[in-house]
Amino acid sequence: MSEQETEAGLAESLLRRAAPDRAEFEDLVIVPIFAVVVALVLGALTMLATNVDLPTIGKSYLALVQGSVGSLNALSETLTAAAPLTLAGLGIALGFRAGLFNIGAEGQLLVGGMAAVITGFSFPGLPMAIHLPLALLAGAVAGGLYAGIAGWLRAATGAHEVILTIMLNLIAFRLVDYMLRLPWVQREGRADPISRSVLTSAELPRIFTWLDPNLRLHLGIVLTLAAVLLVHWVLFRTKLGFEFRASGAGPDAARYAGMRAGLLIVIVMAFAGALAGLAGANQVLGVLGRATPGFSSGIGFDAIAVALLGRSHPWGVLAAGLLFGALEAGGRQMQVSAGVSLDLIGIIQALIIAFIAAPLLVRAIFPWGFRRAAKAPKE
Amino acid sequence: MTAMPDTPDTPARPARRLDTAKLRQARVAGWVLMGLAVMVALVFARDSAGTAVFRLSRPNDPLALPDLVVAAAPYNYFAAALLAFLGARQFMRGGMRWTSLSLGLGLFIAVTAFLVWATAGKAFSLTGMLQATVVRAVPIALGGLAGVLSERVAVVNIAIEGMLLAGAFTGALIGSLLGGWGGLAAAVAMGGVFGFILAALVVTYRVDQIIAGVVINLFVLGVTSYVSSQVYQEHRFLNNAPVFAPVKIPLLGDLPVIGPVLFNQNLFVYGAMVMVAVATYYLFHTRYGLRARAVGEHPRAADTLGINVYRTRYINVTIAGMVAGFGGAWFTLGSVGRFDENMTGGRGYIGLAAMIFGRWHPVGALAAALVFGFADSLQQKLALLQTPIPSEFLAMAPYIATIVLVAGLVGRARPPAADGQPYIKE
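Protein chains in written order, with my numbering: chain C, 1 to 379; chain Z, 1 to 426.
To be clear, the hints were calculated from the coordinates, so they are not data collected in a lab. Backbone N, C-alpha and C define an ideal beta-carbon position, used for all residues, glycine too. Incorrect hints may appear among the rest.
Some chain Z residues near chain C, calculated using beta-carbon distances under 7 Å [claimed, not checked]:
no., residue
1, Val231
2, His285
3, Ala401
4, Val404
5, Val406
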């Protein structure tokens with residue numbers, strides 16, 4: 001690539017930043033809409049292929065809509081499912097921004113959740129104003145420390161964070177299995193691995209019971225919104241966030257500019273782990289009330305998809321978390337009222353990400369609706 | 001080892017400076033070995049009483065070996081002494097040259113000491129455990145091999161997990177309809193399809209490689225779980241495949257210990273061994289392998305020399321998918337004949353770790369897979385022996401060992417230079 005070309009590219013990118021043109025609008029708005037529509041159509045085709053008749057397909061998509069946004073209860077379920085996805089997704093997005101692929105949200109979520117549960121049942125008689133923040137803090141700190149191990153090893157030895165976090169996930173699963181059988185954690189009189197219940201003073205209170213006592217939405221959603229604002233502020237308004245983004249965009253340049261790459265990796269991982277741990281705490285203190293083996297139920301892996309879908313931007317992650325929460329809540333309704341397996345949602349989610357991650361693919365499938373792609377995007 | 005004369009007293013200054021990292025490594029390894037020695041002496045040796053009996057043959061084997069009887073406490077004190085010696089050796093002059101070897105030997109000794117301690121006063125079928133080790137290593141080794149084949153052309157393959165799952169699912173479905181061989185062929189083909197899709201996504205559509213892998217994993221998990229809960233519940237005959245029985249190789253299969261472990265296994269074990277050998281030959285001894293590695297190290301240079309980078313990546317990643325599909329069929333056609341939701345349970349990710357652990361080499365990946373398989377079967381067998389160590393911690397051991405090893409005790413493994421980067425032809 002000649003120097004002139006680079007200069008032209010630079011000028012172009014500066015211009016684009018000053019005035020977002022149509023290509024950007026297409027990427028941010030049209031591609032996601034296409035992705036969702038195509039994924040739903042392909043989901044319908046999957047149902048057809050597995051011998052589900054047309055009226056049932058219609059009924060199941062109707063149930064999907066009703067179960068996610070169709071009623072007050074549906075909205076509450078959507079938001080309840082969205083909260084942990086968004087929290088863990090924010091952590092992963094932070095990692096992406098700093099050029100780290102943190103596949104370990106699942107393990108951090110488990111460790112954070114365990115810490116929150118243990119804190120949650122351990123201090124009877126504590127007032128809620130102290131007990132609840134303490135349990136949340138325990139979750140965040142445990143998740144942060146657990147992810148910090150991976151960050152520290154990455155920084156100190158250069159070991160790949162993907163392998164480290166995968167291994168830490170597997171270790172966390174076994175660790176939770178082990179802890180749930182410890183006499184001071186396991187519920188009295190039970191032989192199966194299940195923890196004691198979180199005390200009322202550490203539960204995240206439900207916030208809309210005054211509208212309808214069945215609404216499960218709890219304080220965690222407020223926490224989630226606060227986390228979105230916090231991450232946005234850190235990423236775009238602080239020196240630390242600038243350093244995160246700089247070391248993600250150009251690690252060498254960041255190092256020459258005097259940023260301490262190793263320290264940054266540890267901080268980013270710990271921050272991400274704290275958010276994932278908070279997501280775990282949110283689940284056990286707000287929804288489950290106790291811990292069982294595998295209580296994370298794949299949230300940490302779905303959160304990777306949420307972060308990708310949200311383009312690693314806090315508001316994008318929130319939107320993606322809401323979409324995935326809606327699919328989750330609607331999927332449950334779909335299973336109940338149309339008898340179509342919840343696993344269909346997994347297919348639809350995967351397809352949405354595939355199309356969003358591959359704008360070139362969407363353009364290849366739908367040549368209309370887009371300005372002709374004159375040239376391949378520069379990497 | 002080589003014909004080079006041993007010249008220990010000629011290192012120049014720069015060489016010595018370069019060696020500080022290695023020296024530190026040697027020191028760390030020394031401390032690790034010393035720690036192991038203390039642990040073996042204090043925990044394993046002091047606690048052991050009586051003798052440990054290891055059964056090597058079953059009573060009706062043609063060439064039966066007598067049981068291996070070890071006096072537990074003396075053996076463990078001996079093991080501790082040996083470990084202490086290896087550890088001390090690290091701190092002496094020239095210790096750094098022995099780091100990897102000492103550490104490997106030391107871990108092996110520590111494992112045997114642990115086994116002797118756990119079996120003290122009881123009897124334990126060593127051959128049975130080794131046989132289980134090989135069986136459990138198969139999917140991990142094939143997953144690792146799939147990783148090696150695609151990462152050697154610089155395509156990061158997180159999708160191994162999904163490919164294994166797709167192979168398992170297709171093997172069960174088609175195997176139920178057409179029989180075992182049909183199922184196996186279909187599983188291999190389905191793995192190839194996902195390999196091709198991965199290649200298409202990352203090479204042609206330039207999706208981020210890790211994202212593409214995650215997408216494939218999610219998609220396969222979604223589709224297979226959906227079909228098994230939507231269709232298999234009603235039509236159970238679709239999920240009832242035949243299982244490949246072990247085939248005993250004449251003569252070799254009658255050998256004691258080695259016979260049952262290596263030569264009386266099913267198709268998948270032999271297949272994995274053959275594939276590792278073929279892949280090693282292909283990658284390092286043929287011109288196509290050389291081209292593939294060139295594409296992984298420096299695609300632009302390879303392109304300049306007239307190698308078609310895109311086509312090389314497509315072909316190798318597709319083959320990698322086929323290998324993973326074969327490994328996936330192990331889960332259904334090689335063991336239970338039935339598909340369950342998410343039955344691979346993260347084996348693909350462990351295969352990925354085996355690849356890195358094995359330094360992007362097929363034989364290394366196989367060796368690492370055997371380590372994981374050993375830990376896996378050890379944990380199963382030890383549950384029977386009722387040791388005071390919780391089985392969850394034994395299950396963690398291989399993962400902790402991987403972290404320790406990946407974190408650089410054995411030296412930093414180097415991935416192919418262009419790994420993970422898309423290539424855009426000018």
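Against the structure, the hints come out as follows:
The beta carbon of valine 231 of chain Z is positioned within 7 Å of a beta carbon in chain C (closest approach about 5 Å), and the interface hint is therefore held. The restraint placing histidine 285 of chain Z at the interface with chain C is violated, with a minimum CB-CB distance near 28 Å, outside the 7 Å limit. Given the 7 Å rule on beta carbons, the hint for alanine 401 of chain Z is violated: about 9 Å separates it from the nearest Cβ of chain C. The beta carbon of valine 404 of chain Z is not positioned within 7 Å of any beta carbon in chain C (closest approach about 10 Å), and the interface hint is therefore violated.
Hint status for valine 406 of chain Z relative to chain C: holds, with the closest Cβ pair at about 4 Å, below 7 Å.
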